[in-house]
Amino acid sequence: MSDLNEEDIRSALDMVLERRNADTRLTTMGAGSDDLDAGRRYLASTVTQGWHVPAWPSEHGGRNASVSQNALIGRVLREFIVPDLYPFAIGLGMVGPALLAHGTQSQQNEWLRSIASGASIWCQMFSEPEAGSDLANVALQAKQDGEEWILEGQKTWTSRAMWADWAICLARTDPGQPKHKGLTMFALPMSLPGVQIRPLMQMNRDAHFSEVFVDDAHLKDEWRVGEVGEGWRVAMTVLAHERAGGGSRGGGDGGAKGRRIPSWISDLRLSDNDQSTVTSDAIMSLYSHDSVSRWTAQRAADEARSSGAPGPAGSGAKLRTVQSYKGRSYLTNRVSGAHGMLEEGHGYIEVMTAPSMSIRGGTDEIQRNILGERVLGLPGEPRLDREVPWKDSRRGLI
Amino acid sequence: MSDASEVDTLITDTADRLFSQLCDHESIQKAEADGQASDIWSAFADTGFPWISISEESGGSGGTLLDALEVLRLVGYHAAPIPAAETGILGGWLMSSAGLELPSGIVTVLPNGSQGLAVERTGDRLTISGRGLRVPWARVAETIVVPLEIDGQTFAAAIDSSECQISRMTNMAGEPRDTVDFENVDVFAAVLPSEINLETFRFRGALSRTALMAGAIEKMSQLTVSYTNDRVQFGRPVAKFQAVQQHLVWGAQDAALARMAAESAGREANRGPALFEIAAAKLIANQASARATKACHQAHGAMGMTQEYPLHHLSRRLWSWRKEYGGDAEWSSWLGRVAVAQDADGLYPLITGGSAVLS
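Protein chains in written order, with my numbering: chain A, 647 to 1044; chain B, 27 to 385.
Extracted from the complex, chain B is given alone in its bound form (with noise of 0.2 Å):
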């Protein structure tokens, strides 16, 4: 690997390529209906993908965690449909993180960790009951893990989905998002570094989302603007129009508002604590798809409420991911949190400082 801060873009070439060739309109038709793609997933998961940002000592691929965050915002602009954040930076990470072993299949998390779980502890077993709740392709994944907070410290635990039940949920988008059962799992816990708990999972959720989201409202916007062109109406195209320019700019606007809060909140993450820009660059993508896909479905008329269109592959997916890992209202509490308790000539290095300043 290069320079760590520098995207490898020859990963991101051959993920870009891979997805071109597979994610078309029709295969993810066809994955939303049988509730995963094996065929994507295999393809992606041979070339090691799922695993960049885990060390290779770790079982891993290697690279960092922008490489990482990169695939991941091409998984989003190809609406790719394969638990590419939950295998890799989030649940790949928490299991190598806390030294356990990966396993070569699908892995998920339960994006709320242990919370509404019980957890006993019996000398170093754990034994969990209770209910997950959204839990990505748990239908497919080999191992569920599970974050938990015993006695103030974080551990990973990780779970061998045969020994849950699990129900069958989808999101918007025709994603799975299963609801996951467990009734006296005994689990083996790894304890985790000190610098990862339930908040600094929570805020990693919301950065792979981040990601996510950059590149399916860029793929939006593109998919808008070629199809304004295209489309005549009145004698003329309809993106000739300043009416429907109007909603072009918006989705560009947003397109790449999104993208640049998604990457300086990846390239502080890779340096170290980056609360202060994860929290503000998913709410920017948040309210960023909100008011792009209002646009884009409008520019697109009739066309773009058709399954028979793609447009509706992402903008499901943007409603869904707008409430994973953190809602509107959730990160502009967070954020009015931490700016109110800055004295007043606090603020200014704060936006401008960002993480560097709350440590």
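One chain only, chain A, in its complex shape (with noise of 0.2 Å):
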């Protein structure tokens, strides 16, 4: 498919979205939202000329495009309204990916374009309650048994499980190992009998953050993603493109273009705040912050497309998003004075939601540690469970 200019693109996205304008509000993330509908009608309407994932094959939803090319479309695309994908980002970006990497043909003929299009929802059951930020330290157990592998554990921390009709599952094929050697990764439907999911209600009073129970539940070896194993590789590259951002383009409260104010600081003048220089003086230097961090997350995102891999500076523009979501919030928050106590206040979502940020896929100390020794090569954490079976360091080593 020879490259279209971005006159092409526009008009052909014109015929499908609606402009962004001033006006539009979006959830970051899901919070405080469960609208599935918005997001389903959006993949819906641009899954046929491949417009939301322009880099995968045209037979799954894509439209083969080059990197520029890919590139060139993700910045139209923020002149429309594109509503918060939260629901279906993990497998727009981060499994998507991960099956083109790691999947057979087949499992990318069967996922895939329902992926693309907003039919299926995808989540990632990873984190167990023992293993959070020391994630090859999962105990999930996959036993093989003819054809089968049957499954036996918790999950934890898992979003959006109950919309989802897919979860991608990092289990302990072999206890034998040393940690990251025995995991295998699985496609698991949520429907399967043993999948038991309890919502966890948080902070913010969100639901889809959830525990997953599985009992005894019986997967067909072609559901396997990667090599026996090989668990640990294909999970590395799911947390890689979350890093990178893959699943988030042209969402969240990014700027229309020719405008010149973003939304979060005309919302500031709607508030009752204090028009003092200290103030001001507050808004700009977040407004410089935003700015550099949202360039910091483009140029992250075009690397990983153009690299096919998405490398450490993922890391970098996490860290500086997550602050500039927190600092947004906080101001907004400080300046909306007293009433912005009430659960009524502006902006009471985003204050309440502001913490998980720097947790959430991967924590920031987590993305300092990739910065600090793939990036700067400084001397990494000591790992003191390295090639120590996994089930001998289970009740930890000091």
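Watch out, some of these pointers could steer you wrong.
Claimed, not checked - Facing chain A, a subset of chain B residues (Cβ under 7 Å, in silico):
#1 GLY131
#2 SER193
#3 THR196
#4 ASN255
#5 GLY327
#6 SER346
The hints are simulated quantities; they were obtained by calculation from the structure and are not laboratory data. For each residue, glycine too, the CB sits at the ideal point set by N, CA and C.
Hints given; two lone chains; assemble the complex.
Listed below in structure tokens is the structure:
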């Protein structure tokens, strides 16, 4: 497919999408919303020409776009209303790319297009009660039994679980190996007998964050993603794409073309805030930080697209983007004065959500470790359990 | 009562025990859902706690302001979902200072006094109309107290809550902060002593929040130290990682800082006017709670974001209390104005001498 120019892309998108204007308000990462329909409508209307995941093969819902074409489409998309795709983000941004890298042809045929069209929602069954930042410590067990795998264990912090049709699930297949080596990745249908979801209510009252209990669930071997024992490698692909923010293009509260003042600043004017120089100073430094964050995130995403494999730049982008989100929500709440302490107050959902931003998708500490070790070449954290069989390291080494 | 500058530990030990028994995670959750905690309040009120620092002649329980502030610190520490400050050192204080008889039930106050209300005076009767915003626990209060200024004099008006229209609102912590509408309500108002006016009432409100915040930060810090010592990742408790230890140190520093500021403001207020100390203490508590909630949430990871774990009872209260009776900007400006009004040689004496220098 030959590359389209910017105007061609814009007029093609005009046929299927609405332009964004200064009043467009979207939620961020699903906070305070259970709306699946807006995202589903958007994906259904863009999938035919592959606008949302242009780099994917056209038979899977993309348009075989080159790196530069993909980036250009991404830029033009920001002029249109792209709903918060939080419910679909795991499939679009993480599972999709991981399947393209590690999945078989028939797995790609079976799953990718329904991800791109919004027909199926995926979640990520990685974290467990004893495996959060220390993800490689997962204990959920998968035992081979003929053509099947039998899964047993518990996951937690599984965002979107109760919406999901499928999960990408990291399981331990060989407890005798050191922790990173005995893992295997599976695709797991959430409707499978033995899979139970218990929503955990969050501080911001969202309930799309769950515990998932797996009890004697029988999986087909054809749902295994990647080789047996290669689960960590697949997980790293998934997580690198998460950090690079591949799933969030167009979404969020980015600036529409031609708009001088971002909506979060014009919202501040609507509230009963003080117009002091101290406030102006805070707004301006946040505005600069916010702009640089957006460019950094775009650059990280572009780099990931061009190299095909996201690198540590995604960690830097995530840190900045999170800091920017938190700064915006705290400032917005601060300038709204005493009214801002009410649940009905300006920015309540954002304030309640803000702390989670530095935790979900890899904590700030984990991102800084990645940058320290992989960019700056600093010595790594001591790894006490490096060559120890996983089953012997369970109770803690010191 | 013993020496007036010492806290009566018998009182505070009893309060601590009471809250330890009653304010468990489930009870606080339930209070948030119900919009009140009548059982916790009854147990608290049965022992006379709400009226500490109000003299027995006025119908109070006696004791000093320091005792009352220490109880408030424990209210914050245990996230006790009760209107302790409103009934006692705010509403009860205004009523008893004006010589009004204290009711046996819950008292609350309009945080902004008569600001935004229309007050008409006919002889010794007053008629009030208008709206009071963010009134703590108005829905369960027997009496609503409005401090108001007329012709340069400050009065306390005590209003039967059944004469007002109350709309339920809540702060970020799920504590009632209701909207109260008055429509031509006739009230009896009694004049307050000259040292009490709308400004000193606001400082008193800030002092109450400072004590609550000091308690909440302390508990949050302890909770975080204990969680990070239990939580094992990478083969060791996460409290052994330096990055996590930094968070713990922020929490502990801020707990110490806020408590020190609250206590010194309380001591000064127990002696006389303490405007400088209270303004400084509220600002310190505000800033400490912003840093400490950030650090403690981060150290808890995802666990701290769930409603099933109690961290949010403390962090959400701190975010709300930070805005009550003056946010950072208000107290920074006040302190700034006072500091600038001294000449250069007056700055150091102000910092060391505080309110004593100002009077």
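Cross-check of the supplied hints:
| no. | hint | verdict |
| --- | --- | --- |
| 1 | GLY131 | violated, 25 Å |
| 2 | SER193 | violated, 11 Å |
| 3 | THR196 | holds, 5 Å |
| 4 | ASN255 | violated, 12 Å |
| 5 | GLY327 | holds, 5 Å |
| 6 | SER346 | holds, 4 Å |
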